[in-house]
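Asker: Got chain A; can you put chain B on it based on the hints?
2 protein chains.
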Amino acid sequence: MSEKQIEERNQRHSARMQRKKAVVDQHIAEAQIERGVLVVNTGNGKGKSSSAFGVVARALGHGMKVAVIQFIKGRSDTGEEGFFRRFPDLVSWHVMGDGFTWDTQDRDKDEARAQEAWALAARYLADPAYALVVLDEFTYPLKYGWQPLAPVLEVLAARPPLQHVIITGRAAPPDLIAAADTVSEINQVKHSFVAGVKAMPGLEW
Amino acid sequence: MSEKQIEERNQRHSARMQRKKAVVDQHIAEAQIERGVLVVNTGNGKGKSSSAFGVVARALGHGMKVAVIQFIKGRSDTGEEGFFRRFPDLVSWHVMGDGFTWDTQDRDKDEARAQEAWALAARYLADPAYALVVLDEFTYPLKYGWQPLAPVLEVLAARPPLQHVIITGRAAPPDLIAAADTVSEINQVKHSFVAGVKAMPGLEW
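Residue numbers (full-length UniProt numbering), protein chains in the order written: chain A, 1 to 205; chain B, 1 to 205.
Pairs involving identical chains hold if they fit within one copy or between any two copies, as the list cannot separate such chains.
No farther apart than 27 angstroms at their CA atoms in a straight line, the calculated lysine-lysine pairs in the DSS-like style are these:
1) K143 <-> K20
2) K4 <-> K21
3) K143 <-> K190
4) K21 <-> K198
5) K109 <-> K143
6) K65 <-> K190
7) K20 <-> K109
8) K20 <-> K4
Just so you know, the hints here were simulated from the structure itself, not pulled from any lab data.
Keep in mind the model is a prediction, meaning the values are calculated, not measured.
Only chain A is shown next, with the shape it has when bound in the complex (with noise of 0.2 angstroms):
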């Protein structure tokens, strides 16, 4: 490039950034409500769970307290479990499913479970003093209707004005994200098991 093609280029480029700062500088002086928010993270993709896990050390570093009920998965083995237990002043965690729902095949244990596991996270989003509320992999007890939804809405409408809560899973309830204000859908372009990779420790679970 010429000098005179180099000088240009950059002023094309100052002039790109000048208008993107406009505009998120006015995003930014518009968003003034301060509350706690309702994210929901769905759709067929990775990183669900984990940017919900994400989350959790973002609040942790805040010195907030999280509470996360895990409604589906059952192994105790898994590397965020093992890692955000070392913090038992501010987290509380609970696995409430004792595997996939797919190899219970019991439909009336598994709908008892997903009511067990409702009744303690309603506790925890009565509760001030957890500023984060993880639902993890919810949206299945709802989808396959072990847990009616209108009680679950209520709930979420009444909690601590600052507490944040987010639900993850598959195929969200169109009410769900009706009543969420962030709704994320994760899709998937590719996925290394489909290649015959096996789920590895550190990044899977």
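Answerer: Using the frame of chain A, we list chain B on its own:
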């Protein structure tokens, strides 16, 4: 529901779960390769970086060493950084940008910084002691051409065989997606910011 209807529903549930279990079991049996996985979290939605930070917690739970290089974010008061810096034996955390790029408006400076950050990343990508390397918001220097992609793909391909890498950011280049093992596209369905809610500590930073 009558008892007969309940019985039928339970049989349908059991049959469905048995089919799911068969599919999952077959995939697990087939996926036996053990190697480092290259993950790309892209798209315009929330959760690309926090998903990577969740995997950092997961890796720490297995006692693995982790390096995080943040290519863009300038603020040094994020919850995740404060939290993970408490584990200096296992976590190397580098914030290489000194502000959102559209705050600097100086292309040569942005380019020099991006290349400095990449040189640092390349050192971790040659070190088998690190089980996980996170290149946070690395797609932006690639997208803006501050860092050419070809040498990046070479270094990624030549990295230690069991090392996992997670690259985050919008608009991942197609050649990077082609080289990756697992790619999630995170789409924004809703964002609390649009409804006027501030970026909340413990949730957004």
